[in-house]
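Asks: Position chains B and C against the provided structure of chain A, taking the given hints into account.
Residue numbers (my numbering), protein chains in the order written: chain A, 497 to 842; chain B, 497 to 842; chain C, 497 to 842.
Check before you lean on any hint, since a few could be wrong.
Keeping only pairs whose Cα atoms sit at most 16 Å apart, straight-line, the calculated EDC-like set for lysine to aspartate or glutamate is [stated by the list, open to error]:
id	chain 1	residue 1	chain 2	residue 2
1	A	K569	A	D545
2	B	K568	B	D516
3	B	K562	B	D575
4	A	K693	B	D578
5	A	K562	A	E541
6	B	K562	B	D545
7	A	K631	A	D650
8	A	K693	B	E707
9	C	K840	B	E837
10	A	K693	B	E652
11	C	K689	A	D780
12	B	K693	C	E707
13	C	K568	C	D546
14	B	K559	B	D576
15	C	K693	A	D780
16	B	K693	C	E652
17	B	K693	C	D578
18	C	K693	A	D704
19	B	K693	C	D704
20	C	K568	C	D545
Quick look at which bits of chain A chain B covers, simulated, 3 or more residues with Cβ under 8 Å [what the hints assert, rightly or not]:
id	region
21	633 to 647
22	816 to 830
Chain B is nowhere near these chain A residues, computed Cβ spacing over 12 Å in every case [stated by the list, open to error]:
id	residue
23	R519
24	P520
25	K551
26	V561
27	L563
28	A565
29	D575
30	A582
31	G598
32	S610
33	V658
34	T679
35	D704
36	D774
37	K797
38	T798
These are calculated hints, taken from the structure and not from any lab test. Quantities reported herein were computed from a predicted structural model and do not represent experimental measurements. Note that beta-carbon positions come from the ideal geometry of N, C-alpha and C, so glycine has one too.
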Amino acid sequence: MRSLTLSQIATLLNLPAPGDGNRPVSGISTLAEASERELSFLGSEKYLDDFATTKAAAVLVQKRVKLPADHKKLVLFVDDADLAVAKLLEHFAPPVPRPPLGRDHSAFIAPGASISEGARIGPNVFVGDDSRIGKNVVLHAGVYVGCDVTIGDDCELFPGVVIRERITLGSRVIIHAGSILGTDGFGYRWDGKQHVKIPQIGTVIVGDDVEIGSCVCIDRAKFSATRIGRGTKIDNLVQIGHNVVVGPHCIIVGQAGLAGSVTLGSGVVLGGQSAIRDHVRIGDQSAVAACSGVAEDVDPKTIVSGLPALPHRQSLREQAALRRLPDLVVQVRKLQEQLDELRKTK
Amino acid sequence: MRSLTLSQIATLLNLPAPGDGNRPVSGISTLAEASERELSFLGSEKYLDDFATTKAAAVLVQKRVKLPADHKKLVLFVDDADLAVAKLLEHFAPPVPRPPLGRDHSAFIAPGASISEGARIGPNVFVGDDSRIGKNVVLHAGVYVGCDVTIGDDCELFPGVVIRERITLGSRVIIHAGSILGTDGFGYRWDGKQHVKIPQIGTVIVGDDVEIGSCVCIDRAKFSATRIGRGTKIDNLVQIGHNVVVGPHCIIVGQAGLAGSVTLGSGVVLGGQSAIRDHVRIGDQSAVAACSGVAEDVDPKTIVSGLPALPHRQSLREQAALRRLPDLVVQVRKLQEQLDELRKTK
Amino acid sequence: MRSLTLSQIATLLNLPAPGDGNRPVSGISTLAEASERELSFLGSEKYLDDFATTKAAAVLVQKRVKLPADHKKLVLFVDDADLAVAKLLEHFAPPVPRPPLGRDHSAFIAPGASISEGARIGPNVFVGDDSRIGKNVVLHAGVYVGCDVTIGDDCELFPGVVIRERITLGSRVIIHAGSILGTDGFGYRWDGKQHVKIPQIGTVIVGDDVEIGSCVCIDRAKFSATRIGRGTKIDNLVQIGHNVVVGPHCIIVGQAGLAGSVTLGSGVVLGGQSAIRDHVRIGDQSAVAACSGVAEDVDPKTIVSGLPALPHRQSLREQAALRRLPDLVVQVRKLQEQLDELRKTK
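Chain A extracted, bound-state conformation (with noise of 0.2 Å):
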């Protein structure tokens, strides 16, 4: 783990120097969990007992927040402890460990592959025929890329990754391990008597500055491409099918589902396990409630939620009228015997 005096730590936050600005902070944990030798954060009163508590060597501390008058802590007051904190864990940060500058001996690369320079390709990866591997690019152990696919400029490939055949990635784009680009769309038509397979013949095209995290599954289109638009963040265990276009500084939480031809404008956020019905398409800068099932096209600007997804004001109405419905029912029924007592008397 990297070290930083509190000296340090302020200079790259543009703080006024701290008491005790030599002292050593090798780290940054919660509040609770801090030792001596690492920094904290004091985000919101509601932590104010962990505070009070803690070992850390110096708190950064929320402007908004009011501390106790007689605290002894060291804290340097931050317009927002969040932003600090990020920036603090870049420097924190330990390298990612990666093969060395070349190839391992063990990996099968092509005849017909081309790999440009920098290039770090490690244990038992498979480069197939035709393919381009840009400068600066690390595939780690057991990384497979299919024939002729074009891998941009530092991109990182963790172990277990698979792009099949045919595919393209922009420059910096980073797949955790496990996931999977290029797997054929889901497709078949009924002849009578079996399913039987339309060809998946097209392609997945991913753009510049995409993460991507493990065990997702992009599937190739049924012609033309898949896209992934620039600077989308994609998480865990999510399912991307055929011909699906989601724009550019998308971000789809772990476990969303889009279903084929589904298009996302730019900045969609899609909260976790949501699911997207094919075909659907989701104006820019929308946001999808986590576990919403989105069947119809949302404008753009709009948040959802709810399985079928409404807009989300309409869907906080109705859950608030479901929590009253079994009373609903009671008094109902005391209505009617009400009203028939009245005509009964009339």
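Replies: Just chains B and C now, with coordinates in the frame of chain A:
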């Protein structure tokens, strides 16, 4: 990419010869994306704007679609545009890149394993003792086949597939990258202090012509076998628990989950992210809508939907009523006020 | 398959010696599927038809089950048929095929890694620098263990498992094929132009006696550790986000998803496809029904269900009311008509 002339295409689809029959076509694309060397298709009037501006060499048009009188495109009228596209995709499909005949020197083949003629075994494949690999089987790089496994003729297992010990695959089974067959079923008993593993000593038996997507998990049975019926097709990231019996010709869409001992009849369709409770039986030709959770047996030829799943018609009725529920709450309150007023004035 | 005589089986289960005690039994199966050399079991009268026709050598019968007076089967009465079956499965279980003692020549073991005695390391395994592999550990073919990883004694990692750098596993941990531990947690900040990755510099710590299914993803912490408590069992395709803390002896069923910083107490059960929102705490001994979405903290010893999850009793009440909702809408309309009529005639 393979190339066909328009005349050849017309012949394949049993259509009259078109004008410009020698024009070469090298693929299929959407109207918007097709180049001058590609074919496109029009199945509905919804896309007439794209039809007007497409660069496609020719367009397959569904017979009932009304084209503008003055269009100048080269069109081929067909009864079913989807079917015509599927047939042409079979001709345009490039061959899947495969390892050469025989076995790569880096493959580990146990001495007691038998490999039939025509097999193609890629780098770093593992085949355990007493396993039998059928004719023309393709094991792509990094496939793991445990001990005492039987793989029928003409199967293809993509990179990283794991087949644990004592499993049987029929003929022409396709398993896409990253799927795992034969993990122990999830079963424990609580002995008062801890969960004690219940041994899972059964197997998995996969029928002929089954296709399994990527990152699918099919657990081995507690005893006897987890079974996947012939001709069934399974999408990515599906979970199939121990002792499940899936009938023939089923379709199981991405991220569906079948708990232990579920039974599916013949021709059942499970939508994406659907979940089936353990021991539930779903009858022949029934269908479960996406995102549904099935907790009770389903009769044959029945569509169910919702969480919990209900007959689809009932589910739709409840959803329609739920849309009106917030207003209903208000209406009942007003009714009560009116009634109270009436009783007071009586 | 191992074989036992009926006498040996009776001894194992503390039962009186049965007639035909020398009869050999080589396995267990359902009444319908059992051969004459297999044992079967009957836990409920629901299966008396199968009992009448079974070919099983003998049947374990739950004591409270009433058998027909004239049956001629060889039966062994037991207090708990499930428990008896579990105990016998332990004896019938064939050994798991494992790599031989030592390391396969194709394995990559970094010079700085230490491997304890009794370890079995299969083909194409990768073990990174400074990693410590405990006694009797089994690393099946193609397992990846990154740098500075600690694996306790008697662990077994199945093919294709990936353990990224700086992770710690306790003793007797089982991880099934295709699971990934230590992927970066899913965290970004928007800098006005793009999502910027927040470094994830923490680790994953897995306790003793944990079992993890296939294609499970457990992300490393942003800082500190994602923790899985001792004795916890995790099914296939589960997502566990960064900084999650799972208590001891939990059961997490297939396709469940735990977002970042979720905390589970001791003995918590999460149903299949359940989802837990980030930062939610679930108390000791609580349970979440399958397909539920938990958005708020759950007290100890509480069962919740539904989307959003509510106390189970309330959830059932709402579901029952929802079944009546379409009729309620009609009833309220009629009430309104009757009331209007009454007011008119007043």
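Asks: Next, verify each hint and record whether it holds.
Replies: Status of each hint after checking the structure:
no., hint, in the structure
1, A/K569 to A/D545, "13 Å, holds"
2, B/K568 to B/D516, "13 Å, holds"
3, B/K562 to B/D575, "14 Å, holds"
4, A/K693 to B/D578, "13 Å, holds"
5, A/K562 to A/E541, "7 Å, holds"
6, B/K562 to B/D545, "13 Å, holds"
7, A/K631 to A/D650, "6 Å, holds"
8, A/K693 to B/E707, "9 Å, holds"
9, C/K840 to B/E837, "14 Å, holds"
10, A/K693 to B/E652, "14 Å, holds"
11, C/K689 to A/D780, "15 Å, holds"
12, B/K693 to C/E707, "9 Å, holds"
13, C/K568 to C/D546, "14 Å, holds"
14, B/K559 to B/D576, "8 Å, holds"
15, C/K693 to A/D780, "22 Å, violated"
16, B/K693 to C/E652, "14 Å, holds"
17, B/K693 to C/D578, "13 Å, holds"
18, C/K693 to A/D704, "14 Å, holds"
19, B/K693 to C/D704, "14 Å, holds"
20, C/K568 to C/D545, "14 Å, holds"
21, 633 to 647, "holds (count 5)"
22, 816 to 830, "holds (count 8)"
23, R519, "45 Å, holds"
24, P520, "43 Å, holds"
25, K551, "34 Å, holds"
26, V561, "39 Å, holds"
27, L563, "44 Å, holds"
28, A565, "49 Å, holds"
29, D575, "41 Å, holds"
30, A582, "31 Å, holds"
31, G598, "18 Å, holds"
32, S610, "17 Å, holds"
33, V658, "4 Å, violated"
34, T679, "4 Å, violated"
35, D704, "21 Å, holds"
36, D774, "9 Å, violated"
37, K797, "23 Å, holds"
38, T798, "18 Å, holds"
In summary, the structure is inconsistent with hints 15, 33, 34, 36 from the numbered list given earlier, while agreeing with the others.
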